[in-house]
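A.B. asks: So the protein lines, in turn, are chains E and A.
Residues 1 to 318 (our numbering) are what the first sequence spells out, left to right.
Residues 1 to 318 (our numbering) are what the second sequence spells out, left to right.
Misleading hints may appear alongside valid ones.
[Stated by the list, open to error] Under the rule of at most 25 Å between Cα atoms (straight-line distance), these lysine-lysine pairs were calculated in the PhoX-like manner:
#1 Lys287/A x Lys180/E
#2 Lys3/E x Lys29/E
#3 Lys205/E x Lys217/E
#4 Lys287/A x Lys217/A
#5 Lys180/E x Lys275/A
#6 Lys217/E x Lys193/E
#7 Lys3/A x Lys29/A
#8 Lys52/E x Lys36/E
#9 Lys58/E x Lys96/E
#10 Lys201/A x Lys226/A
#11 Lys290/E x Lys275/A
#12 Lys180/A x Lys287/E
#13 Lys180/E x Lys290/A
#14 Lys36/A x Lys150/A
#15 Lys198/A x Lys180/A
#16 Lys150/A x Lys150/E
#17 Lys180/A x Lys275/E
#18 Lys180/E x Lys199/E
#19 Lys217/E x Lys198/E
#20 Lys193/E x Lys275/E
[Unchecked claim] Covered stretches of chain E (in silico footprint by chain A; criterion: 3 or more residues with CB under 8 Å from a CB of chain A, positions within the stretch not fixed):
#21 7 to 21
#22 149 to 162
#23 174 to 180
I should point out that these hints are in silico values taken from the structure, not numbers from a laboratory.
The C-beta atom is built at its ideal place from N, Cα and C for all residues, glycine as well.
Here is what each chain is made of, one letter per residue.
There are 2 protein chains.
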Amino acid sequence: MSKYIFGVDIGGTTVKMGFFDGEGSLLEKWEIPTRKEEDGSKILPDVAESIKGKMAEKQLAAGDIAGIGVGAPGPIDGDGVVHRAVNLGWGTFSIKETLENLLHIPVMAGNDANVAALGEMWKGGGQGSSDLIVVTLGTGVGGGIIIGGKVLTGAGGAGGEIGHIHVQDSEEQSCGCGNKGCLEQYASATGIKRLALKKLKESDKGSILRNGDVSAKTVFNGVKMKDELAMEVAEEFGKYLGDGLAVIASVINPETIVIGGGVSKAGEVLFDYIKPSYERNVFHANKDVKFALATLGNDAGIYGAAKLISDTMVSDIK
Amino acid sequence: MSKYIFGVDIGGTTVKMGFFDGEGSLLEKWEIPTRKEEDGSKILPDVAESIKGKMAEKQLAAGDIAGIGVGAPGPIDGDGVVHRAVNLGWGTFSIKETLENLLHIPVMAGNDANVAALGEMWKGGGQGSSDLIVVTLGTGVGGGIIIGGKVLTGAGGAGGEIGHIHVQDSEEQSCGCGNKGCLEQYASATGIKRLALKKLKESDKGSILRNGDVSAKTVFNGVKMKDELAMEVAEEFGKYLGDGLAVIASVINPETIVIGGGVSKAGEVLFDYIKPSYERNVFHANKDVKFALATLGNDAGIYGAAKLISDTMVSDIK
Chain E
1 MSKYIFGVDI GGTTVKMGFF DGEGSLLEKW EIPTRKEEDG SKILPDVAES
51 IKGKMAEKQL AAGDIAGIGV GAPGPIDGDG VVHRAVNLGW GTFSIKETLE
101 NLLHIPVMAG NDANVAALGE MWKGGGQGSS DLIVVTLGTG VGGGIIIGGK
151 VLTGAGGAGG EIGHIHVQDS EEQSCGCGNK GCLEQYASAT GIKRLALKKL
201 KESDKGSILR NGDVSAKTVF NGVKMKDELA MEVAEEFGKY LGDGLAVIAS
251 VINPETIVIG GGVSKAGEVL FDYIKPSYER NVFHANKDVK FALATLGNDA
301 GIYGAAKLIS DTMVSDIK
Chain A
1 MSKYIFGVDI GGTTVKMGFF DGEGSLLEKW EIPTRKEEDG SKILPDVAES
51 IKGKMAEKQL AAGDIAGIGV GAPGPIDGDG VVHRAVNLGW GTFSIKETLE
101 NLLHIPVMAG NDANVAALGE MWKGGGQGSS DLIVVTLGTG VGGGIIIGGK
151 VLTGAGGAGG EIGHIHVQDS EEQSCGCGNK GCLEQYASAT GIKRLALKKL
201 KESDKGSILR NGDVSAKTVF NGVKMKDELA MEVAEEFGKY LGDGLAVIAS
251 VINPETIVIG GGVSKAGEVL FDYIKPSYER NVFHANKDVK FALATLGNDA
301 GIYGAAKLIS DTMVSDIK
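Same shape as in the complex, but just chain E:
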């Protein structure tokens, strides 16, 4: 019998949990609340309890489980040590050791955005490629770089911080990270809204954006209705993102670029705005890169977490 895998995606509000078979089919998923009190010290015990409960329900012993993969916000190095996750109240400690001590099952851990990228490679929009850039356009801009099928973790666990590459010298507002001119300030849902509000203020043009909510969603709805002002906002968004992806691709030489997150619900139209500056500026070997939409939505994290275990099932876990 092939062993089972748990994939755990720890977010600021809920912990998403997935129960997978050894081939990566998601058999069941559920959520528990993220209890952040007492410096987040209840989070991993809660995860352990929930896994124990599921194992009891399925009448499984520790030996039936290949491992537990965990994604969490913050820099997490290759040994499963998190180096401060402010969202959760966590300082520096080993997620791997803590959870292994609670469950006596092998654990692997990684940064949530990187792990979600791995999920999209395995079962989502990046299937079939092993060198990818995955960029997630949500409230912020997250991402993950996959090289030869493995997450680029970086020397200190901070690899793949696509949202904080510098793309604009003249920005006056600060990004959440403290710098000015980060990609996240233009390509996240929040950033697109900011660009739209600025343009509405500066321009006299009529626009359907003047008649209601301004958001990334209404901007791209406007684009589909050929609203001129919405299209200008989309062009600005696409220039920053296309430029940024061109720089990263020139260095990484990926096979596929996957775009996910809430903004990606706008669909293929995004590529119409990203590709022109991407293709103009990228090193020629990368002009024909495949662009794809993410397909796993909020499940990318649990899939990727399970993949951390799947990767190590054959040889590394004893």
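For this one, chain E is given, so just place chain A on it according to the hints.
C.D. replies: Only chain A this time, still in chain E's reference frame:
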């Protein structure tokens, strides 16, 4: 007895060859001319003859050699297949298979700039780090990205093209690659000279650069003599290179950034010009990256080529 390694660095004019022991000590080095006639078809046979000659001289059999590492210009994938190397007249073929058929000794091959980066990690300015950005400021800007001790080859063998990241939208001159505004246009020896000539033309300032040759070397000599115009050129160079490295580091999260090539002979003063924009724009986790100068000079390629073999000596080569 530990086996020996040959490291081969194929350039447009000469092929550099190194004879190493199994620990990576360079025992002997020499050069042969690169014969580019007949689509470069003589190059690998010449390399094979030279290696055979050295083996005869040392009374070594094929079984005494762990392998032959090769660096060559052009995209070379993980299987040792080169995908057009215009400098050498080469089309697409397997360097690995061709040379193995000539010598019956295991061969590994990689892009010359990437391989040189590996050399600097192993025995040069990047020793002790396994996540590095190595950037070579010569006639052009070359580079290599090392992740977990391995070269980032990329999906098509074009990884690490640091010289062709886009850093300037308003450039009117074309780069050798066909794009406009590549880092190479500002940070190579040629690029620095171009910046200096432009500044000399636009400015009325007196400068020692007006009294003789204008080159990257005379610019940085001027900087050391506090020549104001030379310092302005260095600032512009440093801004582009610092900005570019900040973007790459935000994605890679390296431990060390190594600067090599002819321009790096200017020494530590380079960092005074690169660091300000690097530190201003890089994601905070990377602000304390180590900057180092390359130390192997023109031998980086043969060292890195030997490292390709050293990496695979234990397990992969049978």
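A.B. asks: For the pair supplied as a hint, Lys180/E and Lys290/A, is the alpha-carbon distance within the 25 Å limit?
C.D. replies: holds (23 Å)
A.B. asks: Under the criterion that the straight-line Cα-Cα distance not exceed 25 Å, is the pair Lys180/A, Lys287/E satisfied?
C.D. replies: At roughly 15 Å apart (the allowed maximum being 25 Å), Lys287/E and Lys180/A satisfy the hint.
A.B. asks: Is the hinted pair Lys180/E and Lys275/A satisfied, with a Cα-Cα distance of at most 25 Å?
C.D. replies: holds (17 Å)
A.B. asks: Given the hinted pair Lys290/E and Lys275/A, is their alpha-carbon gap at most 25 Å?
C.D. replies: Violated: Lys290/E and Lys275/A sit about 35 Å apart, past 25 Å.
A.B. asks: Regarding the pair Lys205/E and Lys217/E, is the alpha-carbon distance no greater than 25 Å?
C.D. replies: holds (20 Å)
A.B. asks: Against the 25 Å threshold, does the CA-CA distance of Lys58/E and Lys96/E hold or violate the hint?
C.D. replies: Roughly 24 Å between the alpha carbons, so the hint for Lys58/E and Lys96/E holds.
A.B. asks: Does the segment 149 to 162 of chain E contain three or more residues whose Cβ lies closer than 8 Å to a Cβ of chain A?
C.D. replies: Since three or more residues must qualify, the claim that chain A covers the segment 149 to 162 of chain E holds, with 11 doing so at under 8 Å.
A.B. asks: Can the restraint linking Lys180/A and Lys275/E be considered satisfied, given a maximum Cα separation of 25 Å?
C.D. replies: Holds, at roughly 17 Å.
A.B. asks: Tell me if the straight-line CA distance from Lys3/E to Lys29/E falls inside 25 Å.
C.D. replies: holds (17 Å)
A.B. asks: Just to be careful, I want the Cα atoms of Lys36/A and Lys150/A compared with a cutoff of 25 Å; is the pair within it?
C.D. replies: violated (30 Å)
A.B. asks: Quick check: do three or more residues in the segment 7 to 21 of chain E have a beta carbon closer than 8 Å to a beta carbon of chain A?
C.D. replies: violated (count 0)
A.B. asks: Verify the proposed pairing of Lys3/A with Lys29/A, using a straight-line Cα cut of 25 Å.
C.D. replies: The hint holds at about 17 Å.
When held up to the earlier numbered hints, the structure conflicts with 4, 11, 14, 21 and fits the remainder.
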